[in-house]
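There are 2 protein chains.
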Amino acid sequence: MSILVVGSVAFDSIRTPLAAHEELLGGSATHFSIAASFFAPVRLVAVVGEDFGDEHMEPFRERGVDLTGLQKVPGRTFRWSGEYGDDPNTAKTLDTQLNVFADFKPSLPDTWDRTPVVFLANIDPDLQWLVLEQVKDPRIVAADTMNFWISSKLEELKRTLSKVKILLINDGEIRQLTGRVNVVDAAEKVREMGPEVVVVKRGEHGALIVKEDDLFAVPAFPVRKVTDPTGAGDSFAGGFLGYLASLKDHSREDYRRAVVVGSVMASFQVEEFSLGRLRRLEPEEIRERYKAFLRLTRFDDLPIP
Amino acid sequence: MSILVVGSVAFDSIRTPLAAHEELLGGSATHFSIAASFFAPVRLVAVVGEDFGDEHMEPFRERGVDLTGLQKVPGRTFRWSGEYGDDPNTAKTLDTQLNVFADFKPSLPDTWDRTPVVFLANIDPDLQWLVLEQVKDPRIVAADTMNFWISSKLEELKRTLSKVKILLINDGEIRQLTGRVNVVDAAEKVREMGPEVVVVKRGEHGALIVKEDDLFAVPAFPVRKVTDPTGAGDSFAGGFLGYLASLKDHSREDYRRAVVVGSVMASFQVEEFSLGRLRRLEPEEIRERYKAFLRLTRFDDLPIP
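Quick mapping for you: the protein sequence lines, in order, are chains V and L.
End of the first sequence sits at 483 in the numbering used here; the numbers just go up one at a time, nothing left out.
End of the second sequence sits at 483 in the numbering used here; the numbers just go up one at a time, nothing left out.
It should be emphasised that the hints constitute simulated quantities derived from the structure, not laboratory data.
It is possible that some hints are incorrect.
[Claimed, not checked] In silico negatives: residues of chain V with every beta carbon more than 12 angstroms from chain L:
#, residue
1, 265
2, 292
3, 432
4, 465
[To be verified] Straight-line C-alpha distance at most 25 angstroms; calculated SDA-like pairs for lysine to any residue:
#, chain 1, residue 1, chain 2, residue 2
5, L, 403, V, 357
6, L, 426, L, 369
7, V, 403, L, 302
8, V, 469, L, 434
9, L, 469, L, 457
10, L, 367, L, 332
11, L, 426, L, 467
12, V, 367, L, 480
13, L, 270, V, 357
14, L, 469, V, 283
15, L, 283, L, 235
16, V, 283, V, 315
17, V, 270, L, 353
18, L, 389, V, 481
19, V, 343, L, 480
20, V, 341, V, 403
21, V, 403, L, 362
22, L, 270, V, 341
23, L, 389, L, 363
24, L, 343, L, 400
We treat Cβ as the ideally placed atom computed from N, Cα and C, and that holds for glycine.
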């Protein structure tokens, strides 16, 4: 099944304890679509400015991402600047320039309204809603959000969530959204808001999925050198939803595998800046790291006493 | 095999966001020995004061812990007072009264010097060394430590570590001890100091074991109501080492199971204050929660594409 993603395409300037890079290709929709493209056809809806050149389209084209929905408008592309300390789970935003993103109105190209899988990346809940008004009978709508929208647009976010099947969210955000400290409690509360499935992204501590019939946890892959955590959550979402989109039906076991595939893609993402690692990633490496996850986590039952 | 544990027996006063209790039976050796007693005979070496009555001995006797090495001396028992906020991984110490612990010199009862498994709980590395000087040919020496000793007695701690086979340590402490941010890197560095096996306790984020032939991670059990995190690390150590002591030989799979058993015991420990949960724990509940860990974490390989 094809996946429609609506989100940001940006230039990121990033400082980590070991390096700094300016104007890297980034944004939630970018990281999501590249990761998802390993598993399913991806359709991208986003906006960029005049400074977004052909060379910036190249990584998407290499991966077969359909850019028909990428609007190029007068002005400069969205820019984000952030810094990481020793804790890779927390980015400090240094600067945000919305630029062309300030007036972004997602508009689906003809024939894309019947895309079966929809991912609403971390953007204004009002824009997420605009997308929901345009799609017809999607099989899966998944969404991400962030602290900024939870505090500034809670009612709008709740309207979006009422139509979302899968919410992907990090552990700080789910506590903020629900007021509950325990993540399983918090996930149950989210399920009352609409989503049947809640995936809690815990960065270097792994991920958790909560649904009516299942509770599943996986630790993060212990990446030896985390170069840049930017895009880890979106790559996770891309792997997770891409894997689901590659299947006709979704058993409980498929959802579990999807969480691991998401973790695999996030573990590659953080190894290099921007799209460095994912651009040269081979499907065989994905299968190998999935097996490494199996080895990392598998244990046997207790021998009968 | 029997386990010898040397550590603190204390009265704890604890505040959590939901409750406060005074003068609860606690201490590293207490939590360790009760948890370990489900799997192997436990010998306790510690010191208490005149205020430590028969009623305080009762929980140990119920679990068959051998108290021959428990010195009762003039003065008051060690007291610790601490507080937890919303983050169960971090305790704020409000007050510490060493009392009789200030002059504690661990002294092994006759015949205990040949105990095959030794646990040096989180006490002064000089006292840990005193124990090491008294034991003869132990099969396994395991140890815990804390930030206070890493910053104030690093050389003494390193001397102890040179004789330790298994170090159990939390993730903040292993970073402090090694100066390395990545926990796998940090564990490798610890292995250069002596321990062959490093178990990183990550509280609500689970545990990791690093040995020459293995790397294994398990998420924490998502306990719905964490009442009091005190003693979780020591109960983990008790379950982990108790399980190993119940076996003649230790395969890679046995070490993995031991990490899960430790996680099981810690997950029970935090459900109630002090020894509340462990005093009425049944072996069948341990096996059931172990199976719950299997269900929580198991996933299948990818279908061949």
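Hints, one by one, checked against the model:
1. 265: violated, 9 angstroms
2. 292: holds, 26 angstroms
3. 432: violated, 9 angstroms
4. 465: Non-interface label on residue 465 of chain V violated, nearest chain L Cβ at 6 angstroms vs cutoff 12 angstroms.
5. L:403 / V:357: holds, 15 angstroms
6. L:426 / L:369: holds, 24 angstroms
7. V:403 / L:302: Given pair residue 403 of chain V, residue 302 of chain L is violated - Cα atoms ~34 angstroms apart, limit 25 angstroms.
8. V:469 / L:434: holds, 17 angstroms
9. L:469 / L:457: holds, 21 angstroms
10. L:367 / L:332: holds, 15 angstroms
11. L:426 / L:467: With a Cα-Cα distance of about 24 angstroms, the restraint between residue 426 of chain L and residue 467 of chain L holds, given a limit of 25 angstroms.
12. V:367 / L:480: Roughly 31 angstroms between the alpha carbons, so the hint for residue 367 of chain V and residue 480 of chain L is violated.
13. L:270 / V:357: holds, 23 angstroms
14. L:469 / V:283: violated, 50 angstroms
15. L:283 / L:235: holds, 20 angstroms
16. V:283 / V:315: This hinted pair holds, its Cα atoms lying about 21 angstroms apart.
17. V:270 / L:353: The given pair, whose Cα atoms are some 22 angstroms apart, holds under the 25 angstroms limit.
18. L:389 / V:481: Answer holds: residue 389 of chain L to residue 481 of chain V is near 23 angstroms, not above 25 angstroms.
19. V:343 / L:480: Within the cut-off at roughly 24 angstroms; holds.
20. V:341 / V:403: Between residue 341 of chain V and residue 403 of chain V the Cα gap is close to 39 angstroms, so the pair fails against 25 angstroms, i.e. violated.
21. V:403 / L:362: holds, 10 angstroms
22. L:270 / V:341: The hint is violated at about 43 angstroms.
23. L:389 / L:363: holds, 12 angstroms
24. L:343 / L:400: Given pair residue 343 of chain L, residue 400 of chain L is violated - Cα atoms ~30 angstroms apart, limit 25 angstroms.
In the structure shown, a violation is registered for the earlier hints numbered 1, 3, 4, 7, 12, 14, 20, 22 and 24, in ascending order.
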